[in-house]
Amino acid sequence: MNKIRKLTSLEKKQKDRLIKAKKDTKTLRKKVNTTMDWMNIREVGEDYVLLKDGSKEAWIRGIKVNPHDIFLDDYEEQARHVDGLRICLNKLRFKMYYSFVLTKVDVQSYIDQIIEGQRMEDDRIIQTMMDGDIDKLDSFCDAYKELNFFIMIRSSNPKELDKNYWELFNEFSVAGFQPKKLNEFDFYNYIAYVFENTPVPDYYYSRGIFSYENVEMEYNANDDQYELVDNTKPLLDARDAPIENLIPEISTIRQSRMAPFCFSLKPDHYMIGEKYVSNILIKRLPQGYSLGILCDYVNNSKIKLFMTTDTADESIAKGLKMEYQEKERKYYQTRDPQVKKHLQNDLASLDEYIQEILRDTDRTHNVIMVLSVYADDLQSLRGMVKDIKQRMRSIGFMLADARYLEEAVLRISCPLFFKAKSPFIVEQNFGFLLPSRGVAGLWPYVFETLKDPKGMLLGCELQNKGIIMFDPFFYNTHKSDARLTQRINGNMVVVGKSGSGKSTTMGLLIRDLIKRKVRIVWIDPENKNRNLTKKYGGTYVAWGQKGNIINIFDLKKITSEEEDGDEKMYDTEIAIYNVIEDINQVLQFLYPNISEDTLTFTGDITFRAYAKVGITRDENGQFASFKGLHYEDMPTFETFNECLEERIKELKEDTTARVELDRLMDLRMKMQRIMVEWSVYFVGHTTVTFTNPERQIIAFGTKALFNASSNLSAALNHIMFKFSWDQCLDNNDQSAFIIDEAHTMILQGSTAPLIAQFYRRARKYNCMMIVGTQEPRDFADDSIITHGKAIFNNSTYKIVMYLDKDACNDVLKLCNFNSNEITYLQNFQLGQAIFICGNRRIPIQIIATEQELREIGVE
35 MNKIRKLTSL EKKQKDRLIK AKKDTKTLRK KVNTTMDWMN IREVGEDYVL LKDGSKEAWI
95 RGIKVNPHDI FLDDYEEQAR HVDGLRICLN KLRFKMYYSF VLTKVDVQSY IDQIIEGQRM
155 EDDRIIQTMM DGDIDKLDSF CDAYKELNFF IMIRSSNPKE LDKNYWELFN EFSVAGFQPK
215 KLNEFDFYNY IAYVFENTPV PDYYYSRGIF SYENVEMEYN ANDDQYELVD NTKPLLDARD
275 APIENLIPEI STIRQSRMAP FCFSLKPDHY MIGEKYVSNI LIKRLPQGYS LGILCDYVNN
335 SKIKLFMTTD TADESIAKGL KMEYQEKERK YYQTRDPQVK KHLQNDLASL DEYIQEILRD
395 TDRTHNVIMV LSVYADDLQS LRGMVKDIKQ RMRSIGFMLA DARYLEEAVL RISCPLFFKA
455 KSPFIVEQNF GFLLPSRGVA GLWPYVFETL KDPKGMLLGC ELQNKGIIMF DPFFYNTHKS
515 DARLTQRING NMVVVGKSGS GKSTTMGLLI RDLIKRKVRI VWIDPENKNR NLTKKYGGTY
575 VAWGQKGNII NIFDLKKITS EEEDGDEKMY DTEIAIYNVI EDINQVLQFL YPNISEDTLT
635 FTGDITFRAY AKVGITRDEN GQFASFKGLH YEDMPTFETF NECLEERIKE LKEDTTARVE
695 LDRLMDLRMK MQRIMVEWSV YFVGHTTVTF TNPERQIIAF GTKALFNASS NLSAALNHIM
755 FKFSWDQCLD NNDQSAFIID EAHTMILQGS TAPLIAQFYR RARKYNCMMI VGTQEPRDFA
815 DDSIITHGKA IFNNSTYKIV MYLDKDACND VLKLCNFNSN EITYLQNFQL GQAIFICGNR
875 RIPIQIIATE QELREIGVE
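What the sequence shown shows, in the numbering used here, is residues 35 to 893, in sequence order.
Hints in this document: simulated from the structure, not taken from any laboratory.
Each hint should be verified, as a subset may be incorrect.
[To be verified] Beta-carbon label-pair distances, calculated as ranges:
1. T61 <-> N861: 54 to 64 angstroms
2. S532 <-> G151: 32 to 42 angstroms
3. K420 <-> E360: 55 to 65 angstroms
4. V263 <-> G430: 54 to 64 angstroms
5. E250 <-> I159: 40 to 50 angstroms
6. G891 <-> D176: 23 to 33 angstroms
7. E666 <-> V892: 31 to 41 angstroms
8. D196 <-> T368: 53 to 63 angstroms
9. E250 <-> D421: 48 to 58 angstroms
10. G648 <-> D165: 46 to 56 angstroms
[Stated by the list, open to error] Calculated cross-link-like contacts (lysine to aspartate or glutamate; reagent style EDC-like; alpha-carbon spacing at most 16 angstroms):
11. K197 <-> D81
12. K54 <-> E250
13. K704 <-> E676
All C-beta atoms in this analysis are idealised placements derived from N, C-alpha and C, irrespective of residue type, glycine included.
Sequences and hints are given; from them, build the entire structure.
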């Protein structure tokens, strides 16, 4: 056994500093302990908080509920959600504390993932993109918080608490809230939120500034050195991952000995630490308040809403009947016609409300609502309180000051305190009565987030700014979760009128695909893809201009909606038949009046062309696989024309083949334009290819085709689309087929059925399809409506931005939106959208940084 050596002089100094730090921490704890005697927290466990006041004890447990954006639902769906919560509240007979906790957005796993990617990346351009992603995440966390919905219960009887907890959990599960148990990390966040001071929970958890209580100097025999070891109990986050315990410098402890951890009470406000706080007591809600009225008050970092509900001793229906009788008495007494009319309306509304309560047989709840306003100085606090009161009273809230009752209001609305320290009669007047339906209708549970583990920061939820981390290949990396959320492929459509932010959204998606090194094929009729493609080392093709040829005779991989192996995918005979079909299709585009009899003979000439370059059947009548063949190994229209001339020459000697000769002569006439004036488009081996193996991007700019005839444009587009699809058929690589401004070509030729087919088959080949359009009308045109619906139906993701009334009517032919969603679409501003993500619908705001805008070339 190795003998532990003595400390060196340097290690002695380090140990002395640790001893001093422990002493300072002990002094700090005593100071905080004396200034926080008014608090009742004594212990925080894995799923509970223990309160103690003298010999009295009580425990707190609770749940965190899953939010739902009820404002996107239609009326029937809204009613279903409210009824579910109403029934839940009718069954729960104990007091509940509601808290709406804002916490720091946890993006550390994403940042760690990016940093790891940077370590493996040697491409400087991609590294710069990753730097920008980290800066964007940091900026988001500085600007926004994450909203959590806690419902807590308290009891001095552990058995009763456990019974009530499971009843709470089960009833909210039945109501569809998918509750989770509040754990130690949740209570840490709650305590920090309530007291607006991280050292407060650190005091109870012995973390952060109090960590030196757990630090020891230990000898490491392997390294033969003494080192400081932090023995602080790990705190787990929502993913059960340990949260880093940040130990401050020793000097920080000495400075903190002077920090104001105190609670200081004044008549109209109090101080917690360095924050000034004033409470506003809500005495009554507006008459006929709208669904989700509390949403405006739960996501403001300057306002904290504390709320409790408890079964009331009296029935609200009884109180309302008395109010009805009083108003009825005034109605018969008054002679003022205006007052009489006003009372008549009130009586009708009140009678309807009473009948609804009696029909529902709802439980009556005593509801306490307190708005705690936080500010950095007293002047700001008073200004904020005045402004909030004016705004709330203007819409019908009845409010009360908490002057001389500030502490009592805090204690009665927060479960962390035993008593309000005020007369019982005063406490009884803090609340107001509501039936279960009324409590359910408050619906503050609106906060949407999307956190795909490998996602990019696309934006935030529109109202409450929940983070949207989106990964279009989620279906491939998290298959079981993807099935549950109906995210069965990576296909997407992006729809929005000019000026809606569609181009920026498309640019952000493409930027992320470039960063991931996904193989990209990108078609843009307006050539806006040129600069970005060249900037990132891709291949830009000015389609329809001299020097850019795709040989229609190139054998393409066989695709189907079934599972295929290499043998089927590279079946030469089937591939040649597909080429024959493409040749006939192109000839029909170029010559709409070409006869079917003439097209009958293209097949024979095509087989002759392949045989001429050595692609022919063996002695067993079978073709060898074309896997491994190159563009230069294929025939061209020149080869086809040579074979055509040879066959015509043969038939001229055969007087019995006059019919075939006539058809081939017709084909010969059609070939003249292809071989002469259109030869720059059709004749020759393929010149389009990926030039950079590290950045596999091919972009087609088709603006030149606007000046071509519709027949020529349709033929060239057909060849381009078939070639593009062939580039996305490698199962070993992720690929993306992007078609921007698709409305300019969707009605042309066979574009619509081709794209619809690609959408149906993309998932099988690890490919995602993205179509961007500002004119849903073209997709809803009667001539292609079947294919338009297929494209939308096979898109797991839809980003629908601002649309006018006519465009909304068109998009309704392609996918379902309710009246509330249509209202959103018609009122969206720049960058706002409804994001359909599998079975979820989230109103979002697209976020693009200045760096991203430069990278995607958007001014």
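(message) Name the hints, by number, that the structure is in violation of.
(response) 3
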